[in-house]
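S.K.: Given chain A's structure and the hints, the job is docking chain B onto it.
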Amino acid sequence: MKDTDIKRLLYTHLLCIFSIILSVFIPSLCLENFSLLETHLTWLCTCSGFVTAVNLVLYLVVKPNASSKRSSLSHKVTRFLKCCIYFLMSCFSFHVIFVLYGAPLIELALETFLFAVILSTFTTVPCLCLLGPNLKAWLRVFSRNGVTSIWENSLQITTISSFVGAWLGALPIPLDWERPWQVWPISCTLGATFGYVAGLVISPLWIYWNRKQLTYKNN
Amino acid sequence: MRLGAGTFAACCVAIEVLGIAVFLRGFFPAPVRSSAGTEHGAEPPAPEPSAGASSNWTTLPPPLFGKVVIVLIDALRDDFVFGSKGVKFMPYTTYLVEKGASHSFVAEAKPPTVTMPRIKALMTGSLPGFVDVLRNLNSPALLEDSVIRQAKAAGKRIIFYGDETWVKLFPKHFVEYDGTTSFFVSDYTEVDNNVTRHLDKVLKRGDWDMLILHYLGLDHIGHVSGPSSPLIGRKLSEMDSVLMKIHTSLLSKEREVALPSLLVLCGDHGMSETGSHGASSMEEVNTPLILISSAFERKPGDVRHPTRVQQTDVAATLAIALGLPIPKDSVGSLLFPVVEGKPMREQLRFLHLNTVQLSKLLQENVPSYEKDPGFEQFKMSERLHGNWIRLYLEEKQSEVLLNLGSKVLRQYLDALKTLSLSLSTQVAQYDMYSMMVGTVVVLEVLTLLLLSVPQALHRKAELEVPLSSPGFSLLFYLVILVLSAVHVIVCTSAESSCYFCGLSWLAAGGVMVLASALLCVIVSVLTNVLVGGKPRRKNPVHPSSRWSELDLLILLGTVGHVLSLGASSFVEEEHQTWYFLVNTLCLALSQETYRNYFLGDDSEPQCGLHVEQGLDGVATAWQGGPGCDVLERGKGHGSPPPSEVLHGSEKWMVLASPWLILACCRLLRSLNQTGVQWAHRPDLGHWLTSSDHKAELSVLAAVSLLVVFVLVQRGCSPVSKAALALGLLGVYCYRAAIGSVRFPWQQDSKDISKGITEARFVYVFVLGILFTGTKDLLKAQVVPADFRIKTVGLWEIHSGLVLLAALLFRPHNLPVLAFSLLIQTLMTKFIWRPLRHDAAEVTVMHYWFGQAFFYFQGNSNNIATVDISAGFVGLDTYVEIPAVFLTAFGTYAGPLLWASHLVHFLSSETHSSSALSHACFCYAMICSIPVSTYIVLVTSLRYHLFIWSVFSPKLLYEGMHLLITAAVCVFFTAMDQTRLTQS
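Line by line, the protein sequences give chains A and B. Numbered per full-length UniProt numbering, the first sequence finishes at 219, counting up by one with no gaps. Numbered per full-length UniProt numbering, the second sequence finishes at 983, counting up by one with no gaps.
One or more of the hints may lead you astray.
[As the list claims (entries may be wrong)] Chain A side only, calculated, beta carbon under 7 Å to chain B, not exhaustive: (1) Pro174; (2) Leu175; (3) Asp176.
[To be verified] Computed Cβ-Cβ distance ranges for the label pairs, DEER-style: (4) Trp181(A) - Lys245(B): 48 to 58 Å; (5) Val183(A) - Ala14(B): 41 to 51 Å; (6) Arg833(B) - Trp181(A): 40 to 50 Å.
Note that these hints are calculated values from the structure, not bench results. The beta-carbon is built from N, C-alpha and C at its ideal position, and this holds for glycine as well.
If we strip away everything but chain A, and leave its shape as in the complex, we get (with noise of 0.2 Å):
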């Protein structure tokens, strides 16, 4: 039962690192003088709707809590809107953390923006996927002792790995090696890009090697 559900795990987070490196791959071939460093803008719209799109999918496929009962189609409209005001929400949260950060107030504000949306793409959109706007199940999530299923397990690890990345993204930008990636917001992004693939990559194997004394209340 665990080792299926630990294997079916493994399986959807290499299809989300998959559709990273499919969003380098893929507008290189479809656009011209496409670059991750260049047009960082462009790859961070890809990236975020490669990743969105491939939790939804997963989502819809592996459906890890079938706890969906009620399923008329206006609940699932108002739901699906919730989501979305969740995920603006989201995005305009951690513009204004950027920049009380000290991310520039006015110029850079498309950029800022971007990595706002592409954390939150990283971390609220697979919560909401698995959680729906459900900010108490949320809560219970994020604190500890409080997770159920290692889908959940796995959630807190990659979202706590992406704003690592990201919190470790932003310690190069004042050396003076003056590279590209140096640049704000790209060394962040890039961190915060890291930081999700790595826990997509943590997650199964820290769960697998510690699946004995993992043990959830309502398994």
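M.R.: Frame of chain A, contents of chain B only:
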């Protein structure tokens, strides 16, 4: 011996200050200075040496040149003249260099390659070190002996056009001047036209002896668009035409006067490939130096490889050229080609004067000067010179005389070279032995502090200092013996001068005793830990459960900050590190508040607050480490669920306060842009200080002072409340008097005074409030168990410091003070009190905020940002001790105010008796970790390219910070002591 943790920490920091002082003394060698003050006037010049027969030439030789014109082009790199660019854009100069009557050299500038030290080097011939920067904080005017000063004393008329720095360095020295500012870097035509427009008139007049022109345009182009910009070529052509104009004019004038004139073309520093300067790359260091005069021989052929000389040689050469005494502190040697055409007797005379001056300087600065090879050569050549004079006076056999003369000459030139070299290395060499001694002491103290963490942060906050264990005395004597042996060996074999060897035996012995005692204490503590540590480990009480995310952040932040000090960019941009850490701290705090209030309660939280959450996976990795007890809760008693304590609006305040603090920090951050990379960005501070926005600045200052009053008065007694109000009013009056803000009824302030009365009025209140505070503290000492009086006393001391800071801060910085008080209030009320952080955490948070506020004030790790004007507030003239004290307080106001708030907070909020000692210990430790690591880093990076421009200023800041920390720790301990005697 049992010691309280606070006392122990204070002692440790005091010893560390000693160690750092020894280290600094070794790292920054004292500059080579003549002990004879410049005020003493001219000493008689050294007479010509003579053996037996008396020579009557005791006066200074007459000047060689009638007029001297110095054309200094800022950032003129050697290849701009001697390279392909010179050939292309400076044809006239190239012609002069190749075929004209000129001597050309490549003059090497010593770092820091920025304009002011370079002007000093050119005119005084000395090497301004870092210590000079500090020494000259009081006045911008140059106090040392210089060519300009000598020329003025000799009654020469000097005219100057160009960079304003000169006018500041040599006030009242020029009969005529026009200073241009180098402030607008983007302007590179106007700034030079302002110099050139005077030329025609001045060259025609001819009623001057010395003309100095300093062109800034080239440097500005370099800063804006780099050395390969097409603008450079145009500027060089312009400079070439200026040079041609001056030269032809000088030549045409020369027929009327007896003496020829001298034209000097030089650069103050070079320009790196990116167009900046300040460091020590070849491009920045090499500058051309061309001396042009009809007195020189025309040389055939082309000179593509000019001789390398030192920039400091210019001063000695100019002095000789003008017939002036050589500046006393000059370490340069005469550029011999200048005097080559003179008779042998005069040549020898010039060289003799220069060697006498250098050897005098050597005698005064090097204790073992007699062993110096240069000095020996000097003595020998002086003797030979004497013989030569005797021969010369007796008979005039030209053949023998010439041969002997050229031998003496060679001897002199060798002596000059050696002397000059050994004097310059005196400045440039690190005194490794002193540095090592300092480092050893500091590292021992740090190890001791780290080892005693478990004991010191234990509930009792006491520790055993094992001073009389049995193995102790033997080890102690052994170590002392070894150290003295090392000392003797090092000092007898040392080639260069060494500060620590120069100390008296008693002082050096004291330091060695201290070092070995510390070593023995460390060894015995270590054995205690190893032997006694095992039984305690048998009952681990799940250490991971005690490690909150906050503790982890604090640990990682400290380690990260310390590691970042090894990179020059991180040192330059250290403010970013602190802002980043403080922001993350606020987010972690907000996460903690949310967790405390929202678990099981589904009100509406905001998303994206989970930044540091769930790091417990990492925290488990730390379990069992030696520092398990680091953040042991001091209070121990179980806390009631906080949500029961607070209700309604207060709860919302608790949740919102981290965000409010974040917003405050963001505002403050945009007030002063500091650092290097983003320092040019527009900030609120510049906007406010520009004269168009005086009204806004006035309103802002008034509002900030009002906020300060409202926030501070609540803890004071009525008397000090009144004093505070009057004092803050006085602050505003002071700022109005010196013209930086204005009253609403005042339309156009014309009467700008120094505001002495107003400032002294405020000082009276500062002293009054501090006095009341001290009185209350003493009263609390006498009247037992009156807890409130002591709290009030501490708060009054805090408010006295706030008032002093309000007086010293520039008006646009007053919001920093207001916000710091606001953040302190918010944190106390809504975060530390409800969340019950322990003393250690609160201390570290205070320290972090103090550091962040240090940079919010506009400080940076560059000496230039120290606000010296604070030292002149309320003082008529420069008085050293109060000025230094006020400047230090003004600079470190942020950390000091947070520290004094910490004392008040801990003694009023917590009732645990050990909180203050814990705090003192933590404060000492968290301050000494960066310092100790930094000196090790600096020692290993001492040949780094940026050692002078980046790392050394930071080292001075760190040293000063440690001194301040020591003062804070002593204050802590004193407060702790009063508490102990009370109970």
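S.K.: Does the nearest C-beta of chain B fall within a distance shorter than 7 Å of the C-beta of Leu175(A)?
M.R.: 5 Å, holds
S.K.: Does Pro174(A) meet its interface restraint, that is, does its C-beta lie within less than 7 Å of any C-beta in chain B?
M.R.: Pro174(A) check passes; min Cβ-Cβ to chain B is 4 Å, inside 7 Å.
S.K.: Go ahead and decide if the range 41 to 51 Å is satisfied by the Cβ distance of Val183(A) to Ala14(B).
M.R.: 47 Å, holds
S.K.: Taking the closest Cβ pair, is Asp176(A) under 7 Å from chain B?
M.R.: 4 Å, holds
S.K.: Is 48 to 58 Å right for how far apart the beta carbons of Trp181(A) and Lys245(B) are?
M.R.: 51 Å, holds
S.K.: Indicate whether the distance between the beta carbons of Arg833(B) and Trp181(A) respects the range 40 to 50 Å.
M.R.: 44 Å, holds
Hint violations for this structure: none, all hints satisfied.
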